[in-house]
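Novice: For reference, the chains in residue letters:
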Amino acid sequence: MSGAVPVLEARGLVKEFPGVRALDGASIACGAGHVHALVGENGAGKSTMVRILTGNESADAGEVLLDGQVVRFGGPREALAAGVTAVYQELTVLPAMSVLDNVMLGQERTRRRVLDNRERRRVAREALGRVGLGDVDLGRRAEDLSLASRQLIEIARALARETRVLILDEPTAVLAGEALESIHRVVRSVAAEGIAVIYISHLLEEVRELADQVTVLRDGKDVSTGPIAAYDVPKMVREMVGRDVDSVFPDPAPHGEEVVMSVAGLRPRGDDGPGLDFELHAGEIVGLAGLLGSGRTRLLRTFAGDGGRSGGKIAVGGREVRAGLHAAIDAGVVLVPEERKVEGLALGLPVRANVTLASIAGIARGGWLDRRREKRAYEEERERLGIRASGPEQLTGQLSGGNQQKVVLAKWLRTRPRVLLLDEPTRGIDVGAKAEIYALIRELAAQGMAVVFASSDLTEVVGLSQRVLVCRDGQVVGRLEREDVDPEGIMHMAFGTGAAA
Amino acid sequence: MNRAGALASDFGARVAPLAGLVIVLIAAAITSPSLFESSNLRLILFQIGLIGITALGQTLVLLVAGIDLSVGAVIGLTAVIVAAHTDGSDGALPVAILLAAAAGAGVGLLNALLVIVRGVPPFVATFASFVLVEGVITAVTRGAPSGSIPSGLHTLGADRVAGIPVPLLVFAVLALVVGVILARTSAGRRLYATGLNPRAAAMSGIRTPLVVASAYVACALFAVLAGLVDAGYIGYVDAQLSRELNLESIAAAVIGGVALTGGEGTVGQTVCGVLLLAVLLVWMVELGTGVGGQLAVEGAVILGAVWLQRQTLSQKRSVKG
Amino acid sequence: MSTAVATTARARQRPRLDFSRVARSGLATWIVVAALVLGLTVHDASGFWTTGNIANVLTAMVVLGLVSVGQNVVVLTGGIDLSVGSAATLTGLLAAIMIDGYPERAIPVVIAVLAIGALIGVGHGLLIARVKLPPFVVTLATFFILQGVAFMITSSPTGQVTKNLSNFALEKTGFFPHAFIVLIVAVALVAFLLYRTALGRNVYAVGGDSEAARSNGVPVTSTLVWAYVVCGLLAAAAGIMLAARATIGSPTAGQGLELSAIAAVVIGGSSLMGGRGTLVGTVGGVLLFALIETSFTLLQIEATLNDLIRGLVIIAAAAIFVSKDDR
Amino acid sequence: MFSRRVWFVLGLGLLSALVLAACGGSKEGTEETATASGGGCKPSKSVETAYDKAWEQGEQALELTKLEIPKTELCEVDTSKWQKEEPSGGYKIAFAAQGPTNSWAAENEEAFKTKAGELGVEELYASADGDATKQVDNIQQLASQEPDAMVVVPMGSSITGQVKAATAQGIPVVACAGTIAPSSGVVSTVTRSYELQGRLWAEWIAKQIDGKGRIAMISGIAGVPTAEYPKKAAEELFAEKYPEIEIVSKQYDDWSPTKAKTVAASLVSKNLDAIWSDSSFTALGVYEAYKEAGRPVPPVTGDASNAYLKAIQNADVKFALSPFPPEMSTQCLETAISILKGEPVPNFVNVEAPAFTDKEKEKYLRPECSENLWIPTKLSDEELKSLKLCE
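Protein chains in written order, with this note's numbering: chain L, 1 to 501; chain V, 1 to 321; chain X, 1 to 327; chain F, 1 to 391.
No wet-lab data here; the hints were simulated from the structure. Hints may contain errors.
[Said to hold, decoys possible] No more than 35 angstroms apart at the CA atoms, straight line, and that leaves these computed lysine-lysine pairs for DSBU-like:
{"id": "1", "chain 1": "F", "residue 1": "66", "chain 2": "F", "residue 2": "113"}
{"id": "2", "chain 1": "F", "residue 1": "71", "chain 2": "X", "residue 2": "163"}
{"id": "3", "chain 1": "F", "residue 1": "42", "chain 2": "F", "residue 2": "27"}
{"id": "4", "chain 1": "X", "residue 1": "172", "chain 2": "F", "residue 2": "341"}
{"id": "5", "chain 1": "X", "residue 1": "172", "chain 2": "F", "residue 2": "27"}
{"id": "6", "chain 1": "F", "residue 1": "241", "chain 2": "F", "residue 2": "207"}
{"id": "7", "chain 1": "F", "residue 1": "66", "chain 2": "F", "residue 2": "341"}
{"id": "8", "chain 1": "L", "residue 1": "341", "chain 2": "X", "residue 2": "132"}
{"id": "9", "chain 1": "F", "residue 1": "42", "chain 2": "F", "residue 2": "212"}
{"id": "10", "chain 1": "X", "residue 1": "172", "chain 2": "F", "residue 2": "207"}
{"id": "11", "chain 1": "F", "residue 1": "341", "chain 2": "X", "residue 2": "163"}
{"id": "12", "chain 1": "X", "residue 1": "163", "chain 2": "F", "residue 2": "84"}
{"id": "13", "chain 1": "F", "residue 1": "27", "chain 2": "X", "residue 2": "163"}
{"id": "14", "chain 1": "F", "residue 1": "71", "chain 2": "F", "residue 2": "388"}
{"id": "15", "chain 1": "F", "residue 1": "318", "chain 2": "F", "residue 2": "241"}
{"id": "16", "chain 1": "F", "residue 1": "318", "chain 2": "X", "residue 2": "163"}
{"id": "17", "chain 1": "L", "residue 1": "221", "chain 2": "X", "residue 2": "132"}
{"id": "18", "chain 1": "X", "residue 1": "172", "chain 2": "F", "residue 2": "113"}
{"id": "19", "chain 1": "F", "residue 1": "27", "chain 2": "F", "residue 2": "81"}
{"id": "20", "chain 1": "F", "residue 1": "241", "chain 2": "F", "residue 2": "113"}
{"id": "21", "chain 1": "X", "residue 1": "163", "chain 2": "F", "residue 2": "81"}
{"id": "22", "chain 1": "F", "residue 1": "310", "chain 2": "F", "residue 2": "388"}
Make a model of the complete structure from these sequences and hints.
Specialist: Structure follows, in structure tokens:
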């Protein structure tokens with residue numbers, strides 16, 4: 001920053017919610033043309049800081065400065081007008097609206113109060129071009145586009161504004177491969193235009209590659225800040241969690257010989273391919289790799305009985321399982337979905353109720369809930385999984401992402417499943433909690449549970465799996481045993497560029 | 001949020017309708033002391049019973065993020081069926097009640113089918129079945145319901161036990177039963193989970209279509225019971241009443257604090273709302289404000305009650321950030 | 001560009017002809033309308049295709065159309081307005097009372113009454129957007145309050161509109177009732193508002209996801225207020241039309257309009273969750289209702305069957321064309 | 001900032017509009033004469049006599065002295081301008097009816113239909129479903145099918161303009177079982193007089209309590225003519241003649257037995273001396289409510305239903321009933337036909353129906369018939385059976 005006044009600076013931000021101090025004197029300063037990474041565990045206060053910087057929330061104490069002048073945003077509109085734009089972690093693309101309308105959302109161009117469609121198209125086209133979506137049909141509904149395109153539309157929307165500070169809140173959390181690269185390209189070019197970028201990510205390698213500066217948040221405070229060169233990944237992790245996390249991936253125990261689930265000629269609904277043959281052993285951990293939309297999730301869901309089959313058979317413990325969610329659950333095949341807030345939890349229920357949601361019959365006697373048994377169940381799972389909640393009565397919606405994920409896991413573990421299916425088990429979860437979940441998966445496998453997980457995070461796939469299936473265009477195109485697993489090979493298969501399979 | 005905070009705001013949400021009730025009671029006591037004479041009190045108690053029974057059913061439907069506008073039609077249907085089948089004879093009553101219950105359950109099932117299978121918004125689905133059921137009644141009775149209500153139903157609608165109207169007792173028992181089911185059984189838990197997040201509930205192995213259907217059928221059956229109570233209360237087929245109970249049952253639950261978005265609300269809150277509404281209705285008649293004043297005050301109280309809840313709720317919500 | 005994008009795009013590109021798409025575009029109701037018109041033509045062409053009958057259908061569309069179009073704007077924001085019937089009643093009554101037969105007063109009173117409708121909308125909008133009360137409850141309350149105020153003013157007919165006004169409401173040229181102009185103008189204005197102004201885009205955005213809209217700088221509060229203002233204005237316009245047709249003020253004139261209006265909007269393919277729906281569909285829904293109502297008299301259908309048929313048509317239309325993801 | 005601007009603009013608009021509106025000018029005429037046809041109405045002794053007859057019957061039956069008949073403009077309408085040769089298929093007469101929303105309407109429409117069949121009239125029917133807004137459209141639709149004449153059972157005042165449009169189109173309109181504002185141009189009104197009903201009940205009440213005491217008034221549906229006009233007539237009478245009668249409470253019960261009973265129950269504690277009401281639903285509710293409270297039932301009024309007579313047949317209750325007979329629709333039809341034949345018709349036909357008190361209850365009770373029957377009925381036994389009203 002070489003002494004120049006930073007474009008955006010926050011000093012000593014404090015924000016308190018009833019019972020929680022989300023920010024406790026956090027500061028950050030970002031100069032023009034720089035990419036400033038903001039990292040920290042979930043619940044460290046990153047999102048709250050973004051919400052304050054963008055006027056969505058007002059700080060209890062501390063100040064925000066723009067070009068050295070103290071500003072006080074009354075709402076997002078004022079922040080946007082001042083040139084502070086954010087692209088949020090949760091997509092704010094409106095599915096029912098066209099690409100054009102989505103890019104122009106909140107910044108309509110009008111002439112004498114009437115929409116100026118020519119100008120709108122021009123602006124949108126230009127912004128989309130800057131994110132590499134130059135040839136997309138402006139009239140298409142956003143819901144018809146891929147997740148990656150929608151993420152890019154969000155960025156285009158920000159670029160169409162007179163933006164001086166661009167805040168990107170985990171823009172790559174849902175992306176992989178080329179899509180990820182294209183975002184990186186966009187970020188670099190935006191910074192090169194002299195815009196200050198605040199970049200939030202859990203992918204620390206990405207941060208190393210992209211950022212000029214980094215600020216680490218922990219417990220609502222900025223514990224460390226400096227040029228990225230001074231930080232390697234282990235150091236960032238150390239600062240984030242306040243301790244060393246040496247070995248993220250413990251060594252796997254060899255799996256058993258018993259076949260828990262066998263799949264023969266399985267074709268998910270809408271699939272006209274040759275069908276999948278596959279055996280899953282007790283204690284085995286299988287990773288499903290592939291690009292977004294490659295059919296990973298669909299395959300996982302077909303295992304879980306959700307979505308129907310075009311053909312094929314699944315047997316668990318030698319007994320055939322009909323298609324259907326309930327049949328699968330009864331057979332001990334359960335799915336921890338990617339969208340835990342949408343598909344995993346009733347956020348308005350207390351934690352104890354979500355823990356017992358799938359095994360409600362187990363804590364009821366003849367339909368009557370046994371409160372004490374339920375509390376005991378909660379305590380058991382809290383200990384086993386290290387759920388951090390204020391108590392069994394806390395509303396699940398108030399927990400952090402990692403803890404919510406643990407509650408979903410707990411919900412299924414109480415049904416004593418034989419096959420645990422996980423879709424993006426650590427998406428949006430911080431490093432500390434990730435390690436805990438990896439350890440847990442290993443432990444469950446060691447106890448004889450079979451695990452299949454799908455993930456976009458290659459490190460995760462490589463580190464955790466004993467076997468990897470690679471999907472492309474809805475089919476399993478490659479199988480790799482642990483000793484053959486390497487990231488490059490997986491990518492080749494996923495893109496269909498290598499000689500493999 | 002810590003536990004004490006959660007409890008406090010929960011307490012607040014619960015207290016809001018109670019506070020409203022107390023305010024109305026005090027205002028009523030000041031403006032028209034005669035409201036608390038025995039005959040008026042009995043009337044209030046009866047109103048609590050009649051509105052309450054329908055409001056309980058409505059609560060179940062609201063908890064699964066639905067709404068039932070066909071309640072009134074089912075009440076009318078019940079009276080018509082009982083009158084036509086028994087024509088005043090007590091002997092035929094049991095069968096008539098079964099017929100009415102079957103018809104009511106049929107309407108509930110129709111609602112459920114439209115909502116679950118076809119995904120029609122509950123508001124429209126139940127409005128459509130309201131029109132349809134009223135249509136069936138008119139088509140079959142040709143506008144003039146035949147037969148009469150057997151005197152046996154009088155016990156249910158107009159008798160008193162120890163000075164307390166039977167409908168109130170029925171309501172009290174039902175409220176207790178529904179309250180316990182919601183709070184203490186796995187069925188109740190499934191209902192809340194389904195209302196809060198149907199997708200997550202289904203993914204957790206809960207048969208959500210069954211849960212939703214049960215709520216609609218139960219609501220219709222409560223309406224049948226309300227129809228029997230009403231028929232017993234007056235001893236005649238009342239073709240006019242039905243429309244009002246639609247709105248009143250919803251209003252009672254909503255005043256109490258049951259959310260229209262599903263999964264939020266308890267029977268206790270509904271009971272509070274019912275008490276408030278029943279007192280209000282009788283008080284307005286007692287005041288003699290005229291129909292205009294009655295409607296205006298009713299509207300204002302609904303607004304006030306929800307406003308009060310909003311104040312306590314806004315604290316609770318802000319935690320999410 | 002990126003393969004990931006391309007891959008998923010290809011998988012989704014296959015053209016699908018499913019009901020929900022058709023329903024959302026608002027075409028579905030027009031298919032039902034066409035079927036109904038065809039049926040009526042086959043059944044009784046000489047009765048249906050008379051200038052008189054067409055005028056009847058168009059006339060029956062006016063009041064319901066006005067409130068439905070207003071309702072549509074509110075529904076697009078994810079809201080609902082249960083008070084339109086009461087608002088129409090009150091404004092119509094006020095118009096008749098204030099005009100009271102003085103020709104000079106007609107125009108200012110019409111403006112004043114429209115302003116009252118708009119004020120009702122501002123009230124709704126502020127309670128919903130600022131105080132954040134649920135629209136259903138707010139408008140249920142005002143449904144009672146506005147009808148109550150109407151009854152407080154009078155419970156028997158009173159007031160009188162001018163001859164010019166009532167003539168405008170009652171006269172027709174051939175098959176074209178003059179009052180239909182009001183509906184055309186209203187639909188044109190609202191269409192302009194929805195599709196050609198920033199406000200219209202914002203209405204869809206707020207209905208689609210109000211949090212997302214807010215954080216992207218869409219003025220959510222004012223968008224909501226404007227939506228309810230449009231709804232209130234059109235309810236007042238409907239009230240004036242009711243009064244003009246009645247020639248005198250009645251405290252019960254608009255009762256029951258709200259449910260028909262909501263039904264017309266939903267059957268027209270708009271989602272009660274907001275963000276999806278078209279004006280074309282809503283107008284189709286209104287036409288459908290007008291056709292049903294006028295057919296009862298045209299075909300001399302046994303009166304006891306009216307409600308039954310009405311119920312069956314609404315259920316059938318809802319069950320077939322209101323698609324699952326529109327919930 | 002947004003809303004403040006809007007408030008300002010709206011407020012300003014409202015204010016200026018109101019100021020403008022208040023500026024003088026002259027009022028348009030309301031065409032006070034009963035017939036829009038203008039000048040075709042001659043005073044007629046026979047019409048006046050017929051009108052008074054219903055009043056006299058009431059006076060005698062209710063044992064009232066000096067029942068004051070309010071001034072009404074009565075005359076005989078010259079109908080020659082509507083005279084029309086009867087077509088081979090019979091006259092086509094439109095009937096804008098209430099629709100089968102209750103037994104009164106069902107009987108009303110059945111009677112019309114039967115009579116039309118007898119007279120060889122082609123009936124063109126429209127149901128308003130009890131809704132005035134719907135009836136407005138109905139009238140237009142009926143008029144567009146060019147009937148020879150139209151009979152309207154008015155649901156509310158909002159139909160006035162559309163009726164006017166129909167009369168302007170040259171269709172003679174008969175208001176039936178209710179009144180429509182004179183500005184509508186109806187040729188003749190055939191109904192039991194609202195004034196008669198309201199005043200008859202009021203005078204009887206006054207007599208029961210010797211002109212002083214506390215009473216309540218309960219009427220049907222707010223804003224509906226059949227409920228509002230008798231109430232208005234009674235209120236005027238009480239105000240003029242009986243200053244010592246205090247009207248403690250005015251309520252509506254929507255003609256719902258349940259509401260009637262709950263409203264009456266809330267009045268029990270008010271120590272009323274009598275209750276004025278416009279229907280036997282209400283009278284029934286009053287009886288039930290007082291009986292349940294264990295209090296003596298106050299004198300009550302209403303129209304005449306079998307349900308009420310059945311309920312009180314063994315009880316000692318003082319009441320005065322004045323029927324509002326549903327089958328007056330036949331008289332409406334006859335009037336319409338007279339108009340088409342060019343015969344002079346009265347501008348107002350006061351439908352005769354026997355008012356009676358508790359002394360005559362045995363005479364009018366029909367124990368073999370349903371509660372839904374309105375008495376006394378002129379429908380034949382077969383018709384009653386086909387409507388499932390009697391055995």
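Novice: For every hint, state whether the structure bears it out.
Specialist: Here's how the hints hold up against the structure:
This hinted pair does not check out: residue 66 of chain F and residue 113 of chain F have alpha carbons roughly 39 angstroms apart, beyond 35 angstroms. Distance hint between residue 71 of chain F and residue 163 of chain X is fulfilled; the C-alpha atoms sit about 29 angstroms from each other, no more than 35 angstroms. Restraint check for residue 42 of chain F and residue 27 of chain F: satisfied, since their Cα atoms lie roughly 28 angstroms apart, inside the 35 angstroms limit. For the given pair, residue 172 of chain X sits about 30 angstroms from residue 341 of chain F by alpha-carbon distance, which is consistent with the 35 angstroms threshold.
Distance hint between residue 172 of chain X and residue 27 of chain F is fulfilled; the C-alpha atoms sit about 26 angstroms from each other, no more than 35 angstroms. Restraint check: the Cα-Cα separation between residue 241 of chain F and residue 207 of chain F comes to about 12 angstroms, which is no more than 35 angstroms; the hinted pair holds. Between residue 66 of chain F and residue 341 of chain F the CA atoms are separated by roughly 39 angstroms; this puts the pair beyond 35 angstroms, and the hint is violated. Distance check on the hinted pair: residue 341 of chain L and residue 132 of chain X sit about 23 angstroms apart at the alpha-carbon level, within 35 angstroms; holds.
A threshold of 35 angstroms between alpha carbons decides the hint, and for residue 42 of chain F with residue 212 of chain F the separation of about 42 angstroms lies outside it, so the pair is violated. A threshold of 35 angstroms between alpha carbons decides the hint, and for residue 172 of chain X with residue 207 of chain F the separation of about 55 angstroms lies outside it, so the pair is violated. Straight-line distance between C-alpha atoms of residue 341 of chain F and residue 163 of chain X comes to about 32 angstroms, which keeps the hinted pair within the 35 angstroms bound. With a CA separation close to 30 angstroms, the supplied pair residue 163 of chain X and residue 84 of chain F stays within the 35 angstroms bound.
Of the pairs offered as hints, the one joining residue 27 of chain F and residue 163 of chain X holds, with about 11 angstroms between alpha carbons and a cut-off of 35 angstroms not exceeded. Distance check on the hinted pair: residue 71 of chain F and residue 388 of chain F sit about 42 angstroms apart at the alpha-carbon level, beyond 35 angstroms; violated. Only pairs whose Cα atoms come within 35 angstroms are accepted, and residue 318 of chain F paired with residue 241 of chain F is accepted, the gap being roughly 22 angstroms. For the hint pairing residue 318 of chain F with residue 163 of chain X, the CA-to-CA distance comes to about 50 angstroms; that exceeds 35 angstroms, so the pair is violated.
Using a Cα cut-off of 35 angstroms, the hinted pair residue 221 of chain L and residue 132 of chain X holds, with the two alpha carbons roughly 33 angstroms apart. Our distance criterion of 35 angstroms between C-alpha atoms is met by residue 172 of chain X and residue 113 of chain F, whose separation comes to about 32 angstroms. As the CA atoms of residue 27 of chain F and residue 81 of chain F are separated by approximately 30 angstroms, the hinted pair is consistent with the 35 angstroms bound. Proposed proximity of residue 241 of chain F and residue 113 of chain F is contradicted: the alpha carbons are some 43 angstroms apart, above 35 angstroms.
For the hint pairing residue 163 of chain X with residue 81 of chain F, the CA-to-CA distance comes to about 24 angstroms; that is within 35 angstroms, so the pair holds. Only pairs whose Cα atoms come within 35 angstroms are accepted, and residue 310 of chain F paired with residue 388 of chain F is accepted, the gap being roughly 17 angstroms.
The earlier numbered hints that this structure contradicts are 1, 7, 9, 10, 14, 16 and 20.
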